[in-house]
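Novice: Protein chains in written order, with the working numbering: chain A, 1 to 572; chain B, 1 to 107; chain C, 1 to 520.
Computed from the model, here is a short list of chain C residues facing chain A with C-beta under 8 Å:
id, residue
1, F88
2, Y152
3, Y163
4, S168
5, A194
These are computed hints drawn from the structure, not numbers from a lab. Glycine included, every Cβ here is placed at the ideal spot set by N, Cα and C.
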Amino acid sequence: MSFTFIASAADWGRIAPELVLAIFALLILLTDLLLPQAGKKGMKAGDGGNFIVLPVLSLVGLAGALAASIILFNFGDYLPAFNHMIGSDPGTLYAYFIILTASALGILLSPAYLKRLNLLHQGEYYALMLLGTVGMMIMVAATSFLTIFLGLEMLSLALYILCGFVMRRATSRESSMKYFLLSSFASAILLYGIALTYGATGSTSFAGISNYLLHRADLLHLLPGAHVPAPTLLLIGMGLLMVGFAFKVSAVPFQAWTPDVYDGAPAPVTAFMSVGTKAAALIAFARVFAIVFAPISNDWMPVVWAITVLTIVVGNILALAQSNVKRLLAYSSIAHAGYLLIGVVAGGTVGLSAILFYLFCYAFLNLGAFGIVSVLERADNSGSNLSDLRGLWYRQPLLAGLLAFFMLSLAGFPPMAGFAAKYYIFYAALQSGHPELLIIGVLASVLGMYYYLRVIAAMFMEKEAAAHTAGVATSVPTRPAPVSGRRVNSGKPGNNAAATAVAVKPPTAPLSKEKTSVVAEKALERPVVIKGWTTWAALGITVAGTLLMGTALAYWLVNLAVYAVGVMMRVM
Amino acid sequence: MGLTLNHFLVLGALLFCIGLYGALAKRNAIAVLMGIEIMLNAVNVTMVGFSFFNKVKPYSTYLTGQIFAIFIITVAAAEAAVALAMIISIYRKRSTVDVGEINMMKW
Amino acid sequence: MFPLLSLITFLPLIGGIVVLFLPRERVRVIRWTALGFAWADLLIVLGLALGYSQAVPGFNATIVGAGATAAYYSVVHEQVTWIATQGFNLNYSMDVDGISLLLVALTSLLTVICIGASFRVEQKVKNYMAFMLLLESGILGVFLSSNLFLFYIFWELMLIPAYFLVGSWGGEHRIYAAIKFVLFTSAGSLLMLAGIIALGYYHQKLAGGAYTLDIPTLLNGKLDSTVQMWLFLAFAAAFAVKVPLIPFHSWLPDAYSEAPAPVTVMLAGAMSKTGAYGFLRFCIPLFPDAARTLAPLISTLAVTGILYCAALALAQVDMKRLLAYSSISHLGIIMLGIFAFNAQGIEGSVMQMVNHGVTIAALFLIVGYIETRTGTRRLSDFGGLAKRVPVLATVMFIAALSSLGLPGLNSFAGEFLVLLGVFQSSVIFGVLGTAVIVPAAWYMMRFFQGVMQGPRKTDGPVAALERKNILSDIQLGEFLCVLPLLFLIFYIGFQPQPLIFLMEPAVVNALQHFASALIH
Chain A
1 MSFTFIASAA
11 DWGRIAPELV
21 LAIFALLILL
31 TDLLLPQAGK
41 KGMKAGDGGN
51 FIVLPVLSLV
61 GLAGALAASI
71 ILFNFGDYLP
81 AFNHMIGSDP
91 GTLYAYFIIL
101 TASALGILLS
111 PAYLKRLNLL
121 HQGEYYALML
131 LGTVGMMIMV
141 AATSFLTIFL
151 GLEMLSLALY
161 ILCGFVMRRA
171 TSRESSMKYF
181 LLSSFASAIL
191 LYGIALTYGA
201 TGSTSFAGIS
211 NYLLHRADLL
221 HLLPGAHVPA
231 PTLLLIGMGL
241 LMVGFAFKVS
251 AVPFQAWTPD
261 VYDGAPAPVT
271 AFMSVGTKAA
281 ALIAFARVFA
291 IVFAPISNDW
301 MPVVWAITVL
311 TIVVGNILAL
321 AQSNVKRLLA
331 YSSIAHAGYL
341 LIGVVAGGTV
351 GLSAILFYLF
361 CYAFLNLGAF
371 GIVSVLERAD
381 NSGSNLSDLR
391 GLWYRQPLLA
401 GLLAFFMLSL
411 AGFPPMAGFA
421 AKYYIFYAAL
431 QSGHPELLII
441 GVLASVLGMY
451 YYLRVIAAMF
461 MEKEAAAHTA
471 GVATSVPTRP
481 APVSGRRVNS
491 GKPGNNAAAT
501 AVAVKPPTAP
511 LSKEKTSVVA
521 EKALERPVVI
531 KGWTTWAALG
541 ITVAGTLLMG
551 TALAYWLVNL
561 AVYAVGVMMR
571 VM
Chain B
1 MGLTLNHFLV
11 LGALLFCIGL
21 YGALAKRNAI
31 AVLMGIEIML
41 NAVNVTMVGF
51 SFFNKVKPYS
61 TYLTGQIFAI
71 FIITVAAAEA
81 AVALAMIISI
91 YRKRSTVDVG
101 EINMMKW
Chain C
1 MFPLLSLITF
11 LPLIGGIVVL
21 FLPRERVRVI
31 RWTALGFAWA
41 DLLIVLGLAL
51 GYSQAVPGFN
61 ATIVGAGATA
71 AYYSVVHEQV
81 TWIATQGFNL
91 NYSMDVDGIS
101 LLLVALTSLL
111 TVICIGASFR
121 VEQKVKNYMA
131 FMLLLESGIL
141 GVFLSSNLFL
151 FYIFWELMLI
161 PAYFLVGSWG
171 GEHRIYAAIK
181 FVLFTSAGSL
191 LMLAGIIALG
201 YYHQKLAGGA
211 YTLDIPTLLN
221 GKLDSTVQMW
231 LFLAFAAAFA
241 VKVPLIPFHS
251 WLPDAYSEAP
261 APVTVMLAGA
271 MSKTGAYGFL
281 RFCIPLFPDA
291 ARTLAPLIST
301 LAVTGILYCA
311 ALALAQVDMK
321 RLLAYSSISH
331 LGIIMLGIFA
341 FNAQGIEGSV
351 MQMVNHGVTI
361 AALFLIVGYI
371 ETRTGTRRLS
381 DFGGLAKRVP
391 VLATVMFIAA
401 LSSLGLPGLN
411 SFAGEFLVLL
421 GVFQSSVIFG
431 VLGTAVIVPA
441 AWYMMRFFQG
451 VMQGPRKTDG
461 PVAALERKNI
471 LSDIQLGEFL
481 CVLPLLFLIF
491 YIGFQPQPLI
501 FLMEPAVVNA
511 LQHFASALIH
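One chain only, chain A, in its complex shape (with noise of 0.2 Å):
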C-alpha cells in the first residue's frame, strides 16, 4: 500500500493566510528585542516603553491575512490543500473574517489596556494574540481530525499564556490554570473520541470519514439506501467528541469554566477569545456533526438538540444571578452559544450559514461589550461591578451610553446586529423543522432582556453613591491623574507602604498576601476615561460595524454566507 503526500505550491497559496500571520507573530518577537526598553522588564514603568510599534505591525498582519483571504475568496480554488489535511473553501474563508475581525478588535483594545496596568511583555502578548489566531484559523480550517487537534492546542496554548498575562493578579493566575486544566481534559476527551471514530471509519480526514459513511452499506453488502445502524464505536468516539466540543464552545453542562476563565483573563484577551475561541470550536463543531456525521445525523440530533435547549435556557438563567458585567457577559456568551447550535441542529446550508453570521455579528457585539469593560477594569481586576456603574451615565455619559448600546444589541433588538443574527437563526430554526426552538429561543431571549437591561438600569437610573456625589454637577471628579512611576507593583507589600495608608477603605478581596497591593490600586484609582487612538478605533468600529452589519449589510452578508457554506458542503 502505497502512502502519497504531495504538497505543491498551490498548497502554500491555500493557507496563505495563516502563513501571513505566524510570520508575523515571529518578526514581532524579533522587533520586541530590537526596541528601546527603559528600565529592567516587568519591574518599573519606563517612559520608553513603546505601545505603538508592536501593536501596529500585528495589524500589519492581520491585514495582510485579510487580504490573502479576501483573494483567496475570489480567485482561489477553494480546494482542500496537503491531502485532505486543510481547507480553503468561502466557508472558512467567511469563518477567517469572524477570526481576524475579532483578533484585530482584540489587539486594538490592547495598547492602552497594557500601558494602564503597567504591562511590559509586550513582544509576548501580541506574538501569543497572532498565534492563537493562526490557531483558530487553522481549527476552522481543517478538514481533518487531526488538523482540528493541532489548531486546537495552538489557540489553547496560546490562550493559557494570555489568560495569565496579568501575573501580578491572582484571579488572572487562576483563570489561567483553570483554563488550563479544564481545556487539556476535554481536548484529550476529544482526543479519545477522535481514536474511536478513527478506528471506527478507519480515517481521520473528513473526506475519508464521510465517504466511508455514505458507503457503508455497500460495505455490508446490504442494498444501497438500506438503514444501517452506526457501529458502536462510532457512535461512543461521537458521544465523546461532542463533549469535548461542547467544552470548547462552552455548552452545558460543561460550561462551568467559561465565566471564571473570562473573570479573570485581561479584558481584551477575554473579548478576543470569547468570540474566537467560540468561532472557532463552534465552525469545527458544525463542520464535524452538520457535513460530516450528517448522514447518520438520528444518532446524535437527540443529544446536540437537549445540550442546545439546556445552553441556551441555562445559560440565561445563571446570567440572571451576576452582578458583574464581566461575569454577565461570560453566562451571556454562553447563552449565545446556545443560539449558535440552533444552527448546528438545523444543519443544512440554512443552519451553517446562520451561524457564520451569527459569528460575523456577535464578534462586533461582543468585542465592543468587552472592550468597555476593558476601560473600566482596573488592575486588580474590579471596576465592571454592577455597583462600580451605578449612576456611570452622570460621570461618562459616552462610556455609559456605549455600553448601552452594546447591551441593547446583545439583547436583541432592531436594527443592531443581534437582531439580524437572531432573526436568521431562529429562522433557520423553523425551516429545518424545529418550531420548539423557536419557542425556546425567543422566550430565553425575555430573561436576556432582563439582564442586559439591569446593566443599563445600573448606569443610567441609579443615582450615585452618597460619596460619590461631588463629581456629578461637573461632569468629571478632577482627581489629578497619578504620575504612572507611582503606580508601580511588583507585589511585594513594602513598596506601597506609603499608598497603603491614605486607603481607608478594607480590601475585599480575601487574602492577605495581595491585600496591600489591592489596597493601592484602590488608592490611586483614577477616573475611568477611553484612552488612545486605539480603543477609539477598536470602539468605533464595533458601533459602526453592529449598526451596519444589523441593517445595511445584513443581507448582504447573509447571501455571502449561503453561498460560502454552499460551496464548503460541495467541495467538502
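Once you've looked at the hints, dock chains B and C against the given chain A.
Specialist: Using the frame of chain A, we list chains B and C on its own:
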C-alpha cells in the same frame, strides 16, 4: 495467541479511565496534569492499535494513527511545559498548588 | 417620488441626533430645537392629511373597483427593495391610509405638546429631548410601516426610549417600573417576533417564491386555521400587552405613575394606541379565521378589563394610578369595538383612539401641573383647590367631562359608535360595555371633586402651600400646552364627521377584506 486489537483497546480504555480519575479526583495540580497526560497516552495507545489492526481496509490510510500519536506526544510536551510554568508561578505567589484552594472566583 | 412618509418618520430621529450634538449647557437652545423639530413634523403631517383628504373620494372609487385584495391601498406609497434574492425578499415599504393618518397626526401633535410641557425638565435635558424625539420616531414608524420586518424594528425602537424615559427621569420606584414595563412588553414582542418569522415561513411554504414580509403580499395568502390560530396568539401577545388587555396590564399603573407627566402622556396617549392599531391592522386582516374564532375571548377580556379597571380606578388614592386604570378601561372599549367586526364598531374604535389620546393627555398633563405645584398626587391631600386655581380647575373639569363621555364633547361620539357596533354583534357585550358609564362617571367626578371642590384640607402638604399662599394658577406656557387638546375636545365633540370621512374608506376596505378572506 498474539496481541489483538482488543488488547490495545482495553489497555487504552483502562489508561484513559485511570487518567480521568486522576484528573478529576486529585487536588494537586501536578497530579491533575499527570492524569491528563495519562489520558493523552491512552489515546496514543488506542490510535496506534487502530492503525496497526485497521479493520476497514479499503479506506484505511495505514499510517495515520501512528502519525497522529506522534503529534499528540509533541503537543503534550508543549502543554506540559506551559502548565508547569504556570504551576510554578502560582506556587511562588501562593505556596500551594492545591486546585481546591485556587478558587477566588465562584459563580 | 418624494419619500414623504420616511421624512415624517425619520425627521424626529434626525432631530434627536441633532439635539445630541448641541452643547450641554445651552439648555434653551436644546429645548427650542427639539420643539422645532416636533413642530416641523406636525406641520408636514397636517399637510399630508390635507392632501389625503382631497384625494380620498377619487381613490375610494378605484379601490372599490379593484376588489378586496387592495385593502392596503394608499395615497403615498413608498417601497424600496431592501434585499431581493431568490430566497429573501424584504422591502422597505411605508404606507398610509385613513386609520394610520389619524394616529400619526395624534402622535405628532402629542409630541409637540409633550416637548412643550417638558421645558421644566432640568436634568440631562439633552438626552431627555433626544429620547422624546426617538420615541416619536418609533411610534410613527409603527403606524406607517407596511412591512412586518420594518414594523418590528419600529415596534422595538419605541421601547428603548420609553425605557430610558421612565427609568431615568421617573419617580421613586422608576427602576422597578421601567424594568417591569420592558419585560412585559418585550416578552410580548419577542413572541410576536417568533410569529413574524413563522408567518413569513408559512406564507412562503403556501405561496412559494421568496421569503417576504410585505403586508400586501401576506394578505393574499390563506393560511390554514391551526396555523392562523397560533400566529394570531403570538401577535396578540405583543399587542395585548401594549393595549393592555386584562391579565397583561400590571405593568401599566406602575409605568404610568412613575414616569414624568409628559412621558406618561406619550405612553398613554400615543403608545397605547399601537396595540389596538396592531390588532386592527395586523391580527385581524392577516388571520381572519382565528380572529373570528377568538373574538369572544378577546371581547371577554376587554369587557372584564373595562369593568374591573373602572372598579379599581374607584379605589385608587394616587391620581396618576386612577387615570392609568381609567385608561385601561377606555382601551377596553376600543378593543370591544374592533372585535365587533362591523363598520360602526371599527370606526368608533379608531375615533375613540384619537379621542382617548386627546383626553387622557389633557388629564395627565393637568395631574402633572398639580404635582409640580404641590409635590403630591395623593387624592386625600387635596380639597377645594378650585378657589385658588380657577382656570386649572376649569380645564380639568372639561377634560374630566370629556373622559366620562358627556354628549357634545369628543368621547361621546366615539363611544356611542362603538357601543352601537357592539350591540349589533352581541347584545351581552353591548350591555356590559355600556354599564361602564356608571363607574366611569363616578371615578371621574370623585377625581375632580376630590381635588378641586369640597372642604379645604387643614393639614398636609397642600394645606401648607395654601397657607403660604404660593399656590399659583395655570401659567401661560402650561395653558398653551393644553389649549390644542381643549380645542380638539370641543371640535371633535361638535364635528366628528371629518374623522369619519378620513377613515371610512380604510375601514370599509378592511371589512371587505375580512369578509372575503374567511375560509368557508
